[in-house]
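Undergrad: Heads up: the protein sequence lines correspond to chains A and B, in order. Here the first sequence is numbered in numbering that gives the first Met the number 0, starting from 0 and rising by one per residue. Here the second sequence is numbered in numbering that gives the first Met the number 0, starting from 0 and rising by one per residue.
FYI, nobody ran anything at the bench for these hints, they're computed from the structure. Just so you know, not all the hints are guaranteed correct.
Same chains, same label: a pair holds when it works inside one copy or across any pair of copies.
[What the hints assert, rightly or not] PhoX-like cross-link-like pairs, simulated, lysine-lysine; straight-line CA separation at most 20 Å:
1) K698 x K668
2) K393 x K248
3) K256 x K99
4) K709 x K486
5) K227 x K698
6) K194 x K248
7) K234 x K640
8) K222 x K668
9) K628 x K674
10) K222 x K448
11) K685 x K668
12) K485 x K157
13) K640 x K691
14) K395 x K222
15) K685 x K222
16) K674 x K486
17) K120 x K62
18) K685 x K121
19) K234 x K222
20) K121 x K460
21) K691 x K674
22) K668 x K691
23) K685 x K351
24) K436 x K592
25) K486 x K21
26) K120 x K357
Number of protein chains: 2
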Amino acid sequence: MNKNLIAFVSFFFIVAAFGQTKELTLEDGVMQQYRAFRPDQVLGFHWIPETNKFVYFEELGRKLMIANPNDTKGTELVSLSDLNEVLKADFRSFWGMEWKDASTFILTDGSKYYAYNFTTKKGNLLATTPDGAANSTLNNAKDLVAFTEENNLYFIDKNNIKVAVTAETNSGIVSGQTYARSEFGISGGIFWSPKSSFIAFYQKDETEVADYPLLDITETPGKLMSIKYPMIGQKSEKPRVGIYNLATKETLFITPKGAVDAYLTNLAWSPDEKYVLIAEVNREQNNMSMNLYDAKLGTFIRTLINEKNERWVEPEKPAFFPSKTSNNFVWSSEKDGFQNLYYYSIEGKLIKQLTSNKFVIKSILGSNTKGTEIYFEATGPNAMNTLAYKVDLKGKQSLLTKTDGTHTVALSSDGNYFFDEYSNHSTQSKSLLVDSKLKETVLVESTNKYKDYKMGTSEIKTIKAADGTTDLVTRLIKPSNFDAAKKYPVLVYVYGGPHAQLITNSYLDGASLWMYWMAEQGYLIFTVDNRGSENRGFAFESIIHGRLGVHEIDDQIKGVDYLKSLPYVDGNRLAVHGWSFGGFMTTSLMLRKPGTFTTGVAGGPVTDWKYYEAMYGERYMDMPAENQKGFDEANTLNYVKNLEGKLLLIHGTVDDVVVMQHNFALVKKFIEAEKQMDFFPYPMHKHNVGGKDRVHLMKKVLDYVIDNNK
Amino acid sequence: MNKNLIAFVSFFFIVAAFGQTKELTLEDGVMQQYRAFRPDQVLGFHWIPETNKFVYFEELGRKLMIANPNDTKGTELVSLSDLNEVLKADFRSFWGMEWKDASTFILTDGSKYYAYNFTTKKGNLLATTPDGAANSTLNNAKDLVAFTEENNLYFIDKNNIKVAVTAETNSGIVSGQTYARSEFGISGGIFWSPKSSFIAFYQKDETEVADYPLLDITETPGKLMSIKYPMIGQKSEKPRVGIYNLATKETLFITPKGAVDAYLTNLAWSPDEKYVLIAEVNREQNNMSMNLYDAKLGTFIRTLINEKNERWVEPEKPAFFPSKTSNNFVWSSEKDGFQNLYYYSIEGKLIKQLTSNKFVIKSILGSNTKGTEIYFEATGPNAMNTLAYKVDLKGKQSLLTKTDGTHTVALSSDGNYFFDEYSNHSTQSKSLLVDSKLKETVLVESTNKYKDYKMGTSEIKTIKAADGTTDLVTRLIKPSNFDAAKKYPVLVYVYGGPHAQLITNSYLDGASLWMYWMAEQGYLIFTVDNRGSENRGFAFESIIHGRLGVHEIDDQIKGVDYLKSLPYVDGNRLAVHGWSFGGFMTTSLMLRKPGTFTTGVAGGPVTDWKYYEAMYGERYMDMPAENQKGFDEANTLNYVKNLEGKLLLIHGTVDDVVVMQHNFALVKKFIEAEKQMDFFPYPMHKHNVGGKDRVHLMKKVLDYVIDNNK
């Protein structure tokens, strides 16, 4: 992999000096990257099932166009006014549409679900969910809607009648919602069986999980909004999987085979609806069993796959069934060091390891109708890319995307075509239609939306990690009037934790536009994706296990060494900023490497891992009882006396991810140590400061850097 | 009054340049004013009842001395070791002692109460209160202890048995504790009758008062600590006065004659125990009735006094009975514009208006044994003083203290002597014994504890208020090396609200020592006691009614005008700082007089009066429904767009007086208005940042001023 990365050294924006007269504002930098500067793209692309036709939007979703690979310029399928007349509805756009079959789509206003057949030009009201319904989920046939209300699960039957699946009066027992704080790839709690005979669902008993109090200051007086928050090492959620049988109206429950607070993850249905597959992970997260259950009886049949790892096992991709007529499935695992695909029988027999790549598979896109080819997204050898590949059941793999970059791909239902939108270092956005022979038809190629603006350059290089051998990718953004004879101050932007990669082969290289604004203020903006970040494989990411902060900091310091080696960097004027894990990194860098940075701004930081939640936290840090030394070592509170320079801590007051206790505990410790530092709250903001207030936030951050990094 | 104030113009410290070499540190300024720089004083002075003897402490309370007016140099009364041997106790000092009779005192470790007779040299355990007991209150005979546990009231009887007075299982019904948030002079909820036949007590039903959530971050996870907090205009406490009869063991309850949430204040017993007097104030606080109740029956007898005022009526001094053998009483009222004394019969007949001063009586000190002379503290004509006076029942008044300044006076039990400790502009502390002919014996005269330090000067002047006629007192502190040819920046320190006076005729003129530290940094520190502050009479204080901030700001701006008139003031470098009401003033000045100050630091500010508590808030602002215009006018949130310069807001995270919602609501508004400002929290601190952390606080405040007032 390292050799491939070298190829990426020294990219530069090719910019024409001519015409670049407009200046970015900070508001542009924070708010407009995906608005005013959004590239020309195909909006609302959907393949129509059972055909090779597709639809897309014009007029920001108010116009629905139909086209096909041979004639990509579409014609209007149905106008909003005609649709509304047929449905007796008041839709203002087609956003949120789902396709039911070759001629029917579903549209919802959030409460009412309508079906519209564009061949017959008829439509009907399918289902009405009550006010307060959440997590609404259509079945595969798109004729039933399951949803939650408060802590219970319901669905709307074919007569538009609401049916209760659960009726728990104890509000601590929650059905049909996401679980385990959406770790393990979990994003919801409702799983219709393929033919709609069953609804599987997550049920979590959080009655013993501690309440964490948040304050709603918009009420008079301020009102308590408690959340259930299982901190590391404390009592956690107890899961079950319910299987509701629509024929018998009975529910069976599957409980963990291990401890009551083990994790039930990656739920999948076999195509024939006979089985439910669940990856059970022990609370220690070092032992995973892919278990097979009988859907009608709720009984355990067998363990299909077992995987252990002393660092962690983290299944994130449910079993994938390539064919609707076979129970053979594809399992994703990083047991050989990279996320690879394995083809299994339902008996648990490994039929074939499909891929043996030394790079990371990111997601499975689908399969052809016969189920003989699996399509997936992967980095390819250069971890900054997101490419599309296919592999057949014999393990023959081929690359589908010709150009390096970050691709978003949508397969047609037969797998004969795919839609591909991509960007890379030099392309803001290009949308293609690609056939089975990889012939590309350009749908839209965006102009460069920044062409009239003074924009700096971005330079991608690799440096060696603190281990002396691993290559790390770095990104250095310079101002448009960069002068190598000058000495520039630098802002290091850091995240550094797992599940994230800051530098990608995409337009602006994964950078935020505000970094270009900051560069124009006479700054260099630097980032390095240290060991522990994602898309480089298990060894690279898992080295952080038990000692969060240690290797990440060492690698960041290698980044600093690199910066100091540059003749145009003022090594005495380095600042650092990051959010969340990046806030932890910023604080850790300020306190454990004092004197390196004059200025740090840490947003929503984890300060002491014991205040973080169990699912993410115990994976990386284990339990305090097993690893007190690691907790102490990582605890920023233990280093407050080291502070040199200026440190600003920021927190959203109703942050329910990294609760504000992290920051207040650290501030309290600084005060006790007689250390001056700064803090700023964003009232009623959660873990991210969103909307217009984000401009205020970034001005706060960057003003602080500019004022203090001297 | 104004003419008298003129006399105070242009005081200066008389300082000897010689020897002033030491420099104050900020830590000195914040922590040592009443520690290392504490003047020599008589500690622990107590008159012994029924005698003219007195006791005092040596060795910081570890040694108990007895003396008398003829021989003021005392002898040791009893040693701690002898006392502990007799009592089988482990006292480390005599602090907290109370006198029972001419030869017996009571000492408690907080749980056990002991009596010690220094004549017989015998002692005994009087009472043991349980762990968790609070508000412990001895009866007059000092042989019974009433106390609260949780929400109930108990007492320890003569057999050292705990007796329950109340047994409420509803924790929202609270007996024996302070009430009405300690407004109306209320400081406790237990009132033993003179002969201990009854216990009167406050009971508040706060079940309908809203909970305000505070967060204890010292627990993992952070734990909810809700407080009952009745915000302005919302459901408030419903009071009763219970009268427990020790003979019958029954409790009768007195409820308000008006609305259920009217205030029952200023509870007093008649000497013969037949009556309880209660000043009932309506919720609007513009109508007060002094009502007489039968103690045995709990029945209302008659209204003795009624007082109305369209601004407010604020009784703060319970009926005072000069004689133990008469039910005639002294009532304090500011109905004629100043706090004056009125002598009433128990029938409600005004016998005599005792005083008709145009200055403020601060407190009643006591009376002579016959009840013919009432001793009291008052400002005298110069409102900066606190002097002692007496008045007889014919209204003949005479001044007891010869020297201007701030006196603290303790009367002997027969009223023939008094102990007097005072300070003034030029005297750090002097302790006197004064006889009935006002002959003074000096007990201790302190040396100047600052004499070795570089200390600036304090200048007291008067300026005209914004009304053009009222004199306001100002204080200007200058550095020791003041040079009138230079231009100095100024920090204005402000409070500005009722119930407070910042400038007094005492050593340092009421200033905090940190102001002298700040002066040495090349600053002038200025304060003006604007209209609305205390000790200047009702008209002066009550002009703020309904429009908090308006006149106070106007007067502060007159202070600024005065500063700008001084040749040595740099009018472009003014900063302002205040806490609580002073935080409200600071924020209001920054937002409603933008451009006046470059820098403001507001601690624990009220930002929107609707978030403040009912008792104090409704007195000054009425209800939002009556005075929405006033609330809008006073609401700092409505002026955020005006901000110029730098503003730092500070709050204790568990402030239960001005809840942090004030500050967060204001910060939120600043963010919405795209205004940058600063905020700093003091985790787990309440309305005042106390202890060592106060040094951090003042460094935070003063660094901010120094860094930004440029």
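Undergrad: Each of the hints needs a verdict: does it hold here or not?
TA: Evaluated hints:
1. When the C-alpha separation of K698 and K668 is checked against a cutoff of 20 Å, the pair qualifies only between copies, where the shortest distance is 16 Å, while the shortest distance within a copy is 27 Å.
2. Neither within a single protomer nor between protomers do K393 and K248 lie at most 20 Å apart by alpha-carbon distance, with minima of 42 Å and 93 Å respectively.
3. Taking CA atoms no more than 20 Å apart as the test, K256 paired with K99 passes in neither setting, with 37 Å inside one copy and 72 Å between copies.
4. Taking CA atoms no more than 20 Å apart as the test, K709 paired with K486 passes inside one copy only; the shortest distance there is 12 Å, against 28 Å between copies.
5. Within a single copy, K227 and K698 get their C-alpha atoms no closer than 33 Å, and across copies no closer than 38 Å, so neither meets the 20 Å cut-off.
6. With identical chains, the CA atoms of K194 and K248 are at most 20 Å apart within one copy only, with a shortest distance of 16 Å there and 76 Å across copies.
7. Taking CA atoms no more than 20 Å apart as the test, K234 paired with K640 passes in neither setting, with 33 Å inside one copy and 47 Å between copies.
8. In this homomeric assembly, K222 and K668 come within 20 Å of each other (Cα to Cα) only across copies, at 18 Å, whereas the closest approach inside a single copy is 28 Å.
9. Taking the shortest alpha-carbon separations for K628 and K674, neither the intra-copy value of 25 Å nor the inter-copy value of 44 Å comes in at or below 20 Å.
10. Taking CA atoms no more than 20 Å apart as the test, K222 paired with K448 passes in neither setting, with 45 Å inside one copy and 50 Å between copies.
11. In this assembly of identical chains, K685 and K668 lie within 20 Å of each other by CA distance solely across copies; the values are 17 Å between and 23 Å within a copy.
12. With identical chains, the CA atoms of K485 and K157 are never at most 20 Å apart, being 72 Å at best within one copy and 88 Å at best between copies.
13. Within a single copy, K640 and K691 get their C-alpha atoms only as close as 36 Å, which misses the 20 Å cut-off; across copies the closest is 16 Å, which meets it.
14. Within a single copy, K395 and K222 get their C-alpha atoms no closer than 60 Å, and across copies no closer than 57 Å, so neither meets the 20 Å cut-off.
15. Taking identical chains as interchangeable, the C-alpha atoms of K685 and K222 lie at most 20 Å apart whether they share a chain (16 Å) or sit on different chains (19 Å).
16. Within a single copy, K674 and K486 get their C-alpha atoms no closer than 31 Å, and across copies no closer than 32 Å, so neither meets the 20 Å cut-off.
17. Only within a single protomer do K120 and K62 lie at most 20 Å apart by alpha-carbon distance; the minimum there is 16 Å, versus 102 Å between protomers.
18. Taking the shortest alpha-carbon separations for K685 and K121, neither the intra-copy value of 44 Å nor the inter-copy value of 66 Å comes in at or below 20 Å.
19. In this homomeric assembly, K234 and K222 come within 20 Å of each other (Cα to Cα) only across copies, at 15 Å, whereas the closest approach inside a single copy is 26 Å.
20. Proximity of K121 and K460 under a CA criterion of 20 Å is satisfied in neither setting, with 57 Å inside one chain copy and 88 Å between copies.
21. Taking CA atoms no more than 20 Å apart as the test, K691 paired with K674 passes between copies only; the shortest distance there is 12 Å, against 33 Å inside one copy.
22. Taking the closest pair of Cα atoms, K668 and K691 come within 20 Å of each other only across two copies (13 Å); inside a single copy the shortest separation is 32 Å, beyond that limit.
23. When the C-alpha separation of K685 and K351 is checked against a cutoff of 20 Å, the pair qualifies neither within a copy, at 45 Å, nor between copies, at 65 Å.
24. Taking CA atoms no more than 20 Å apart as the test, K436 paired with K592 passes in neither setting, with 54 Å inside one copy and 73 Å between copies.
25. When the C-alpha separation of K486 and K21 is checked against a cutoff of 20 Å, the pair qualifies neither within a copy, at 25 Å, nor between copies, at 44 Å.
26. For the identical chains of this complex, K120 and K357 are neighbours neither inside a copy (51 Å) nor across copies (92 Å), given an alpha-carbon limit of 20 Å.
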